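Add chain P to chain A, keeping to what the hints say.
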Amino acid sequence: MVADESQTAVPSIDTRRLVDRPLVLCYYFAALAYLVISMLGGILMALQLVRWNVLEGIEWLSPGRWRMVHTNAVAYGFLANAFLGTLHWAIPRLSLRPVLSRSLSWFIFWAWQFIVVATAAGLVLGPSLQAEPWVVKLASRWHIPLSVGAQALEWGETPFWIDPLALLGLALVAVNFMAPIVRTPGPMYVSLWYFMAAFVWTFLTYAMGNFLPEYVVPGTSAGAIAGLFIHDLVGLFVTPLGWGLMYYFVPIMLKKPIWSHGLSLVGFWGLAFFYPLQGIHHFLYTPIPMFLQYGAVISTIAVELVVTTVIINFAGTLWGRGRDFWDNLPIRWFYTGMVFYFLTCLQCALQVTLTFQKLIHFSDWVVGHAHLVMFGVFSMWLFGVMTYLFPRLLDRQWASRALCEWHYWLSAGGILVMSSDLILAGIFQGYWWAALLPWDVSVMGSRPFWIIRLVAGLCMAAGVVCFLINIAWTARAGSRAADR
Amino acid sequence: MFESKGGVLLIGGLGFFLLAFLANGVVPILLYRHIPEKTAEEVVNRRILYQFEELSRRYPESFEAAFGEVSVQTCAEALRLGRQVYISEGCWHCHSQYVRPVSNESRRWGDVSRSEEYQNELQRPVLFGTRRVGPDLSREGSRHSNDWHAVHFFQPTLVSPDSPMPRYQWLFDGSPDRPNRRGLALITYIQWLGSWLDSYPYYEDLQELEQEDF
Numbered sequence: 001m002v003a004d005e006s007q008t009a010v011p012s013i014d015t016r017r018l019v020d021r022p023l024v025l026c027y028y029f030a031a032l033a034y035l036v037i038s039m040l041g042g043i044l045m046a047l048q049l050v051r052w053n054v055l056e057g058i059e060w061l062s063p064g065r066w067r068m069v070h071t072n073a074v075a076y077g078f079l080a081n082a083f084l085g086t087l088h089w090a091i092p093r094l095s096l097r098p099v100l101s102r103s104l105s106w107f108i109f110w111a112w113q114f115i116v117v118a119t120a121a122g123l124v125l126g127p128s129l130q131a132e133p134w135v136v137k138l139a140s141r142w143h144i145p146l147s148v149g150a151q152a153l154e155w156g157e158t159p160f161w162i163d164p165l166a167l168l169g170l171a172l173v174a175v176n177f178m179a180p181i182v183r184t185p186g187p188m189y190v191s192l193w194y195f196m197a198a199f200v201w202t203f204l205t206y207a208m209g210n211f212l213p214e215y216v217v218p219g220t221s222a223g224a225i226a227g228l229f230i231h232d233l234v235g236l237f238v239t240p241l242g243w244g245l246m247y248y249f250v251p252i253m254l255k256k257p258i259w260s261h262g263l264s265l266v267g268f269w270g271l272a273f274f275y276p277l278q279g280i281h282h283f284l285y286t287p288i289p290m291f292l293q294y295g296a297v298i299s300t301i302a303v304e305l306v307v308t309t310v311i312i313n314f315a316g317t318l319w320g321r322g323r324d325f326w327d328n329l330p331i332r333w334f335y336t337g338m339v340f341y342f343l344t345c346l347q348c349a350l351q352v353t354l355t356f357q358k359l360i361h362f363s364d365w366v367v368g369h370a371h372l373v374m375f376g377v378f379s380m381w382l383f384g385v386m387t388y389l390f391p392r393l394l395d396r397q398w399a400s401r402a403l404c405e406w407h408y409w410l411s412a413g414g415i416l417v418m419s420s421d422l423i424l425a426g427i428f429q430g431y432w433w434a435a436l437l438p439w440d441v442s443v444m445g446s447r448p449f450w451i452i453r454l455v456a457g458l459c460m461a462a463g464v465v466c467f468l469i470n471i472a473w474t475a476r477a478g479s480r481a482a483d484r
Numbered sequence: 001m002f003e004s005k006g007g008v009l010l011i012g013g014l015g016f017f018l019l020a021f022l023a024n025g026v027v028p029i030l031l032y033r034h035i036p037e038k039t040a041e042e043v044v045n046r047r048i049l050y051q052f053e054e055l056s057r058r059y060p061e062s063f064e065a066a067f068g069e070v071s072v073q074t075c076a077e078a079l080r081l082g083r084q085v086y087i088s089e090g091c092w093h094c095h096s097q098y099v100r101p102v103s104n105e106s107r108r109w110g111d112v113s114r115s116e117e118y119q120n121e122l123q124r125p126v127l128f129g130t131r132r133v134g135p136d137l138s139r140e141g142s143r144h145s146n147d148w149h150a151v152h153f154f155q156p157t158l159v160s161p162d163s164p165m166p167r168y169q170w171l172f173d174g175s176p177d178r179p180n181r182r183g184l185a186l187i188t189y190i191q192w193l194g195s196w197l198d199s200y201p202y203y204e205d206l207q208e209l210e211q212e213d214f
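Chains as they are written, first to last, in my numbering: chain A, 1 to 484; chain P, 1 to 214.
Just chain P, with the same shape it has in the complex:
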C-alpha cells in the first residue's frame, strides 16, 4: 500500500490533503460563517465620509474629475479602487494589517484585531500581510491628514526623512496637490483603515518625547 500507485495517489496525494483542508480550512469557515460579510457600501462610516468630503474640498478639480460628488456610493467606489491600488502596488508586502495581542502591539497601534473587522468585501482576499518594513496600517485612518498622505505618496522623505518607501508619483498629475483618480482612491482607502474604531493610541507622541529627552 505504501509503495503502490493507489496508496500514494489516494492516501498521500488526495486523502492527507483533504484531511488538512478540512482541519485548517473548513473548520475556520464553519466557525465564522455566522458573521455576515459586509459590502463596501456597508462599511462606509461617518469618519471616512468626513475624510472623503475633505478630499473633495481640498482637491476640488481632481476630485470632481475622479469621483464627481461625495456620496456613500462614490466613497465605496473609491474604497474598492483604493484597495486595488494598495494590492497591485505591493503596499501589503511592507505593511501589515493586523495587531497582535503580544509584543506591546496594542500599545503602539491600538485594539487587537478581531474577526469581525475582516468580514467585508475589502478583505477579499484578506490583507493580513507578513512583513512590516513600514508601520502596521490597520489603525492608520485619521492618524495623518489627507494632504500629509498626498505629499507622503508623492515623495515620502519630504514628511518622513528616514523612510525607505518608494515614491509613487504616478498617483498624481505632476505635483502633490493634484492627486489623480488612483491617488485619491488610495488616500481614501488608507483613511478608512481603522475608522470603525473609536480611538487608538497616537504613537507618534513617543518620538517627540524621545527627542526632548536628548
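Only chain A is shown next, with the shape it has when bound in the complex:
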C-alpha cells in the first residue's frame, strides 16, 4: 500500500526542475574516472604477483601503494561518487522536493573530489616524504605515530589530516539530502528508510574507524573496532544505499510494486539489527575474547537468513516477467547483482564459521569474496543504474546496444571467473600452509590462479572501456544531431 504510493509519478510536478542533471552527470564522470584509476591499480598489483610488472622499481608506481589506491578509489571514488550522483536523481523524485541547496550540492561535489584526489596523492606521494626532518619532528612532537602516507586502517587508509574533512563532507551530504526527506509527510517508502539510515551509519562508522584506533584505543581492542569499521563500511554505507536504489529502480522499470511490503520491513530491520554486530568476524582467532568472536559468527549467520527474505522479495517481484531479465538491460544488471549478492552472503555464512576460518583466513578466498561483493554486486548495480540514466541525462538513446551487451557480458563473466578462481586458490593456499610446506610452495602454486585472475581482471576492465566508448559515442551522436 505504501509501496506504490510514492512510486506513482505525479504528472503536475516537473521532475526536470527537481533534479540537477548536470550534477548527476558530473558525479558519474568522476565515478568512472576513478574506476579506471582503480582498475589500473588492480592490474598493476595483479601483474606484480605474477612478476610481469615492467614498471617495478619506480617509487611512485609501487604496487604496495597502488594496492591502497585500488581499494580507496573504488570505495570513495567510484562507489561514493556514483551513489551520490544517483541519490541526486532518486531522492528529489521520491520526495518530490529538491535537495536543501543547489550550490551546497556543487560545493559537496568539488569538496568530495578534493578529498578523493588528496587521498590518492597522499597514498602515492606521502611515503616519500616520511624521512623529511619536518615530518619526523611533527611525528615525535605529537608522540603519536602519525604518518603523512597511509593510515593503518584497511579501507580507511586516507591520510590522517583528510579524515576530519571527509567527516565534515559526510555531514553536509546528510544535511543536504535529509532536508527533502524530512519534509515528506507520512510513512516513507522503503528506499528512504535505507537512505536515511545510511546517512547516519556512514557518518558514525567513518568517525569510529578513523579516530578511535589511531588516537584513543590501542592494541587488540582497536583491532575489534577496525574490524567493525571494515565491516560497517560495506554493510552500513554501501549495502543500504545499494538496496535502497534497488527498491527504487526495480519497481519503476518493471512498472509494478515490490512483491511484499512486509518482507521489505523484515529485510531493512534485520539488516539494521544484525549487520553492525558482526565486525569481529574479520579477526577470528586473534586475541579478541572468544565469546565476542562467537557472537559475531552467530549474527553473521543470522543476517544470511534476512538476506534470503530480501532475495525472495525481489524474485517475487520479477515473477512472471522473466522476459524482462533478457530484454531490459538495467533489470539484467540488477538481478545478476542480486544473484551474486545471494552467493556472496551464502559464502559469508560458511566462511565465517571457525571451521572454515582455519583453512581460508589470510588466503585469496577472502580477496575473491571482496571482489564478488564490491564488483559483482554494487558495481554491477551502479552500472545498471548508469545504463538506465545516461540516456535520460543526455536525452538520447544509447549509440550502441552491442557495446552495452559487451559491457555486461565482460563484467559478469570476468567477475564470475575472478571470484571462483580466487576462492579456489584460497582453499589450496590454506592446505599448503596447514601442511607446513615451504612458503614458496604456496606462492608458486598460486601462480596459475593469479594468471587467470589477471585475465579476468583485464576482461572486466575491457567491459568498462566498452562502456566509456559507448558513452562517448552517445554524447557525440547527440551533438552532431544538434549541429544539424
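The hints are simulated quantities; they were obtained by calculation from the structure and are not laboratory data. There may be inaccurate statements among the hints.
Taking lysine-lysine pairs in the DSSO-like style, the calculated list, with each CA pair at most 30 Å apart, reads [unchecked claim]:
no., chain 1, residue 1, chain 2, residue 2
1, P, K38, A, K137
2, P, K5, A, K256
3, A, K255, P, K5
Given the structure is predicted, the values throughout are model-derived calculations rather than measurements.
What follows is chain P alone, placed relative to chain A:
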C-alpha cells in the same frame, strides 16, 4: 514506528549502531583496559638494541647520517619511522602480524599471539593484517640478518628467487649496502617484531629437508 522517520533514524540508525558498538567495541576496551600501553622507548629490548648496533657497524656512514649514535631514544625513533614506512608502503597488506592457534601456525611461526604483545604505541592502529601473500612477520625478528634484509628490500629475488615481492630501491642510496634513513628504520622495525619472545621455530629448516629428500 518501523516506517516512520523517527523510528528509522533513532532506532535503526543510532540505536542499533550504538548497541553494536557497545557489544563489539566497548566490551573489549573494558576487558583490556588494565594492560598498560607501552611507548616505543619502553618496548626497546636487548635483542633489538643488538641488531640496531649491528646496523650502525655494518653501515656506519648511512647510520651516522640517519640516526647518529645507538641509544634507546634513537632506536625508538627508528622503530616509529620504520613502522610508518611499513604502513605507507603497504607491507601490511601482504604480511600479517598474528599467529593463530589453528592450522599448525604455532609450529611454523612460534607462540600464538597474546593481547599484551599489541598493547604498545607501535600497534596504534593495530597491524593484524588480513592477507598473507608473504609470511607472517610477527615473529620475524632475527630470523634473518640485517644484510639479508637490506638485499631483500633492494631486490627480493636475489635472496628469495620465487618471491613476488616488489623492489624497494628508494629505501637505498643506489646500492644495497647503502640503506637510507627509511631503509634502516624499516630493517630495525622488522628485526624488532617478535624480539620480545625468547625463541620460535626456525621454519626455513623445513625447506632444506624437503630439497634433500628429492
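Hints and how they fare:
1. A hinted pair counts as satisfied when its Cα atoms are at most 30 Å apart, and K38/P with K137/A qualifies at roughly 21 Å.
2. Restraint check for K5/P and K256/A: satisfied, since their Cα atoms lie roughly 25 Å apart, inside the 30 Å limit.
3. Taking the CA atoms of K255/A and K5/P, the gap is about 26 Å. The hint holds against a cut of 30 Å.
Going down the numbered hints, you'll see the structure goes against none, and every one checks out.
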